[in-house]
Amino acid sequence: MIKVRVHGRGGEGAVTFAQILCASVRFDGKFGLSCMSPAAERRGAPVEAFARIGDKRIAERGNIAKPDIVTVLNPALTRIVNVEAGMNEGGKLIINARNDPGLSHATVYLDATSIALRILGVPITNTVMLGAFAAATGLVTLESLEKGTRLLLSSRFSEEKLQRNLEAIRTGYEEVKVG
Amino acid sequence: MEMFLSGNQCIAHGAKLARVEVISAYPITPATPASEELYEMVTRGELDAEIVNAESELGAMGICTGAAVAGCRTFSCTCSQGFALMREMLWAASGMALPVVLALTSREIGIPQGLLSDYSDALSERDASYLQFFVEDGQEIVDSLIMAYKISENEKVLLPSLVISEGHRMSHAFETVDVPEQEQVDKFLPKYNPKHVLVDPNYPITGGIPVMSQYPWFKMQQCQAMENAKQVIKDVCKEYAEMFGRHYGLVESYKTEDADVIMVSMGSTVGIIREKVDEYREKGIKVGLLKLRVFRPFPEDEVREALFNARKVLVIERAPSPGSRYGIACIEVKAALQKSRAAISNIIVSGKDISAEDIDEMFESWMNREDEFVEWYKMPYDERAATMSGYDTYQKLLSGEKVERKLVEVGEDCLSKGCSSCAGCLSFGVIRKVLSVFGKDAVAVHNGGCLGTCATLFPLTAWKIPSFFYTYSNAGATISGMEVAMKRKGIDAHLIEVAGDGAIFDIGLQTFSAALERGHRIIYLCYDNQAYMNTGVQSSGSTPYGARTKTAPKGKPGRVKNIAQIVAAHGDVYIATASPAYPDDLLKKAKKAKSLNKPSFIHVICPCPPGWEYDPELGIKIARLGVETGAVVLYEYENGEVTVNKVPKKRKPVEEYLMKQGRFSHLTKAQIAQIQEEVDREFARLTSGRL
Numbered sequence: 001m002i003k004v005r006v007h008g009r010g011g012e013g014a015v016t017f018a019q020i021l022c023a024s025v026r027f028d029g030k031f032g033l034s035c036m037s038p039a040a041e042r043r044g045a046p047v048e049a050f051a052r053i054g055d056k057r058i059a060e061r062g063n064i065a066k067p068d069i070v071t072v073l074n075p076a077l078t079r080i081v082n083v084e085a086g087m088n089e090g091g092k093l094i095i096n097a098r099n100d101p102g103l104s105h106a107t108v109y110l111d112a113t114s115i116a117l118r119i120l121g122v123p124i125t126n127t128v129m130l131g132a133f134a135a136a137t138g139l140v141t142l143e144s145l146e147k148g149t150r151l152l153l154s155s156r157f158s159e160e161k162l163q164r165n166l167e168a169i170r171t172g173y174e175e176v177k178v179g
Numbered sequence: 001m002e003m004f005l006s007g008n009q010c011i012a013h014g015a016k017l018a019r020v021e022v023i024s025a026y027p028i029t030p031a032t033p034a035s036e037e038l039y040e041m042v043t044r045g046e047l048d049a050e051i052v053n054a055e056s057e058l059g060a061m062g063i064c065t066g067a068a069v070a071g072c073r074t075f076s077c078t079c080s081q082g083f084a085l086m087r088e089m090l091w092a093a094s095g096m097a098l099p100v101v102l103a104l105t106s107r108e109i110g111i112p113q114g115l116l117s118d119y120s121d122a123l124s125e126r127d128a129s130y131l132q133f134f135v136e137d138g139q140e141i142v143d144s145l146i147m148a149y150k151i152s153e154n155e156k157v158l159l160p161s162l163v164i165s166e167g168h169r170m171s172h173a174f175e176t177v178d179v180p181e182q183e184q185v186d187k188f189l190p191k192y193n194p195k196h197v198l199v200d201p202n203y204p205i206t207g208g209i210p211v212m213s214q215y216p217w218f219k220m221q222q223c224q225a226m227e228n229a230k231q232v233i234k235d236v237c238k239e240y241a242e243m244f245g246r247h248y249g250l251v252e253s254y255k256t257e258d259a260d261v262i263m264v265s266m267g268s269t270v271g272i273i274r275e276k277v278d279e280y281r282e283k284g285i286k287v288g289l290l291k292l293r294v295f296r297p298f299p300e301d302e303v304r305e306a307l308f309n310a311r312k313v314l315v316i317e318r319a320p321s322p323g324s325r326y327g328i329a330c331i332e333v334k335a336a337l338q339k340s341r342a343a344i345s346n347i348i349v350s351g352k353d354i355s356a357e358d359i360d361e362m363f364e365s366w367m368n369r370e371d372e373f374v375e376w377y378k379m380p381y382d383e384r385a386a387t388m389s390g391y392d393t394y395q396k397l398l399s400g401e402k403v404e405r406k407l408v409e410v411g412e413d414c415l416s417k418g419c420s421s422c423a424g425c426l427s428f429g430v431i432r433k434v435l436s437v438f439g440k441d442a443v444a445v446h447n448g449g450c451l452g453t454c455a456t457l458f459p460l461t462a463w464k465i466p467s468f469f470y471t472y473s474n475a476g477a478t479i480s481g482m483e484v485a486m487k488r489k490g491i492d493a494h495l496i497e498v499a500g501d502g503a504i505f506d507i508g509l510q511t512f513s514a515a516l517e518r519g520h521r522i523i524y525l526c527y528d529n530q531a532y533m534n535t536g537v538q539s540s541g542s543t544p545y546g547a548r549t550k551t552a553p554k555g556k557p558g559r560v561k562n563i564a565q566i567v568a569a570h571g572d573v574y575i576a577t578a579s580p581a582y583p584d585d586l587l588k589k590a591k592k593a594k595s596l597n598k599p600s601f602i603h604v605i606c607p608c609p610p611g612w613e614y615d616p617e618l619g620i621k622i623a624r625l626g627v628e629t630g631a632v633v634l635y636e637y638e639n640g641e642v643t644v645n646k647v648p649k650k651r652k653p654v655e656e657y658l659m660k661q662g663r664f665s666h667l668t669k670a671q672i673a674q675i676q677e678e679v680d681r682e683f684a685r686l687t688s689g690r691l
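Those protein sequence lines, which keep their order, are chains C and V.
With the working numbering applied, the first sequence closes on residue 179, and no number is skipped along the way.
With the working numbering applied, the second sequence closes on residue 691, and no number is skipped along the way.
Just chain C, with the same shape it has in the complex:
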C-alpha cells in the first residue's frame, strides 16, 4: 500500500485531489481510499488530505503520519507546515513551486499556480498537480486520471469547466520535469 499526504489550504482542492486520485486508480484495477483531516468548513486554513492506494481493498483509515509521497498544492505552505513530517528516507515530494524549495527528500516541483491561472483563471492547482503527480510517481495513468476526474466532477462542474480541468491535468503531466 502506498500512502499519500496532500497539503493545501481550505478551498484549494486538497481533499478533491485525494478523492480524484483514489477514484482514478480503480480504472487501473487498483483500490483507493481517501480521507481528510477533521476541520470545520473554513477557507484558507492549512488542510491535509490523505490517499491510500493498494492492490486490494484498503482497510486502514484516518490521518497518515508516515507518508510515502507528499504533495503540496500551495507554495507558501512549506514555510509554515513541516510537510516532510514522518517521511521515510525513500520518500518523494511533489510540490507546487517556481524554484526548488530545498527540502531534504527527493523533490519534483512545478509552477502549478501559473499553469492554473493560465488554464483555469483561478489559482486552484489541484488538477494541475494531479497531472504532475501521475507523471512523477507513475501510480496512476493519465487515461485513468481523466476518467476519475470525470466521475467525480461531472456532477459538480459544467462540461466546459470539466474540460479545462482535464486540460490542466494534461498540462501538469506534460510540463513537470521528472528527473
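Honestly, the hints are just simulated from the structure, not real lab data.
Treat each hint with caution, since some may be false.
Only pairs whose alpha carbons sit at most 20 Å apart, straight line, appear in this in silico SDA-like list of lysine to any residue [stated by the list, open to error]:
id	chain 1	residue 1	chain 2	residue 2
1	C	Lys3	V	Glu275
2	V	Lys276	C	Pro123
3	V	Lys352	C	Ala85
4	V	Lys187	V	Ser129
5	V	Lys440	V	Met486
6	C	Lys3	V	Glu357
A few chain V positions that, by computed beta-carbon distances, are all more than 10 Å from chain C [claimed, not checked]:
id	residue
7	Phe174
8	Pro216
9	Ser268
10	Lys339
11	Ser340
12	Val647
All residues carry an ideal CB built from backbone N, CA and C; glycine is no exception.
Given chain C, work out where chain V should sit, using these hints.
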C-alpha cells in the same frame, strides 16, 4: 453497481434504497453531508420522501418519532452532542416500539469538544433499547442500513436501530462501494406497514400511555424483543447474503477455531486486524479475530463460543467507561467469558486513528506479556501543550508566585490578532467592536458556531477576557447560572452571550427565552449569518426566503422567524439591530447596552463570504447595500417604541443587494418582486414605530 462514495453518501444511499418516507435532521459535523445528500436526492426527484428541517436534534428525533407513529418509515442521522440532545426522544421511540433507524457517524461527546470518533456517543445509549450495528467500512454502512429496517420492523423485534460508523474516518472517506440495485432491495425489504400503531379517526387508540406498577413488565418485554432480535438478525443476514452475496452476522469470527490468542475489536480497526491476522499466521502464530458487529443485543453465546478456549484475549476498543477499569466492550466480553481460562487484556485507543503499525506495536507488547492488563494506548502528557495553554503559569500562581497578566483596557481588542476565521469574515470584526466597549470587565459566553472553532483550539486561545464555551442548546441557561452566581460572589463584570443565529433562533431559543423572562442582566450579541455556516451552510430559522443553502438547494421556501418580536414579547428588553458597515452605530448601541440594568439584545446581520457566496472583499459593500435597500433596518426598540437610526434618502431596489450574493442568483423576477414587497412592508412598519 460499483460507486465511489464517502461514508456519508453511503448513509444517504442506504436510506434511499430503504425508501425512507420521512427524514429529519439537524446540522452537526461530521454527519451533515449525509442529510445534505438526502436533500439533493429529494430535490432531484430520486427519492420520494418528506424531509423536515429541524431546529435541534431533539426536534429531529421528535419528528421521526411522530412520523413513525403515523405509519411512515423514518430516518435521521447525527452524532455526538446531537445524539446526546436526542436522548429523551430516543427512549420514547424505543418505548413506543417504533422501528426508526438512525445512522450515527460517531464522534466524541464534549466538553471538550472533539471531532474524532470514539463511540462514546453510541455506547452511552447502550441501554436505550436500540439495536446497535457497528460497521467497518462504507459497504457495511449501505448493507447494514437496508438490513436494519428489515430487522427493526420485524414483529418479534419492533425496536429502533442505530447503524454506527466512524466520523471522518468513514464519514469523509471515499472508497469503492457496491451499491445494490433498487429493484432487488425492494424484493428484500417490503413496505413498512405497522399493525401496532395506528392513527385513524375512525378507530381511535391512545399511544404513549403512562403506567404505574406495570413499568417493569413493559421493560421486560423490551428485553424479550432484544433477545428475539438475535435470531431475526441471523435470519435477515442469511437472506441478505443469498440475495446480495455479502455475509454478515452478530459477530464475525475470523480464524478463531484453532486460535491460541484472539484479538477482539469493533469498527474500522477490524479491517486492519484481519489483514494482520493473516500476516501473523504466516509467521506461525495461531491468532484469530473476533469482530463485535452487533453490540445490542450483545451476542454472548457467539462471543463465548469464539473465545472460550483461547489462552489469551485482547480487546482493542475505543470507548472507556469512567469508573470501571475496563472499556465498555471489555466489560461485556468478560461477562460472557465467565469460567473461561483465557487471560483477558484490554487496550483503550479512544478516538485515535489506528494504523497497521499501531496494531503491530500493540500485538507485540501483548505477546510479550502473560498477565492481564488494561492500558490506554499512547497517551503521553503533552508538555508543549501545557506551556502553550498557560497551565505552567497557572501552577506558579497557585504556589504563591507573582504572575503578571496583561489585561485589556476599554477600547482595546479582547481577541488576539490572527484568529483563523475565513478571509473577509465580518462576524469577528463585529464581536471585537462590541466587546471593546467593556475592557477587562466582561465575561464572554458562547455556544457552538464559528467563534468556538476559530478563536480557540487547544492549547491556544485568542481570548484576553474570561470566556466560556458551552453546548449549543444552552444560549440562555448556563449564562443565567453564571449571572446569579457572580452576583452572589460579588464579581462585578458584564456578561455577554455571543451567539450565532442557530443558537438564538433555533436550538437555543428555549433557554434564551427563559433567560429573557427571568430578566438577567445579560447582553446577547447575535452575529447572524442567516444560516449554519460552521457546518457548511444549512438553513436556519433566520435564513431569508429564497436564499439557497445545502438544505434548500432551490432556495428556502418558507418563512423567517421575526426574532425581535419574540424577544420583545418578554417585556423590558433593549433591542437593537446593527450592521458591520456602520461601526459607529454598532458601538453606540453596545455602549447603551452596557449602561442599562436589564437584558439587551444586539442583533447584527453579518454577511458571510462562503455562505452568501461573494468575493470576500465585497463584505462591507454588501452590508451597506443591505441598509441602503432597507433589507436590513437599523433600529433601536425600547418601551414599546421603534426608533429607526438610518433612513436612506432614497431606498435602492433590493435587487441590487440580492444580486451581489450567489445564494440569490437563481431567483426569478417574480420572486425578487415578492421580496421587494416584503421589504417595503417591513420598512414601513418599522419607520412608523412598530416592531
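Going through the numbered hints above, which ones does this structure break? Give me the numbers in ascending order. Violated hints (numbers, rising): 2, 4, 7 and 9; every other hint is consistent with the structure.
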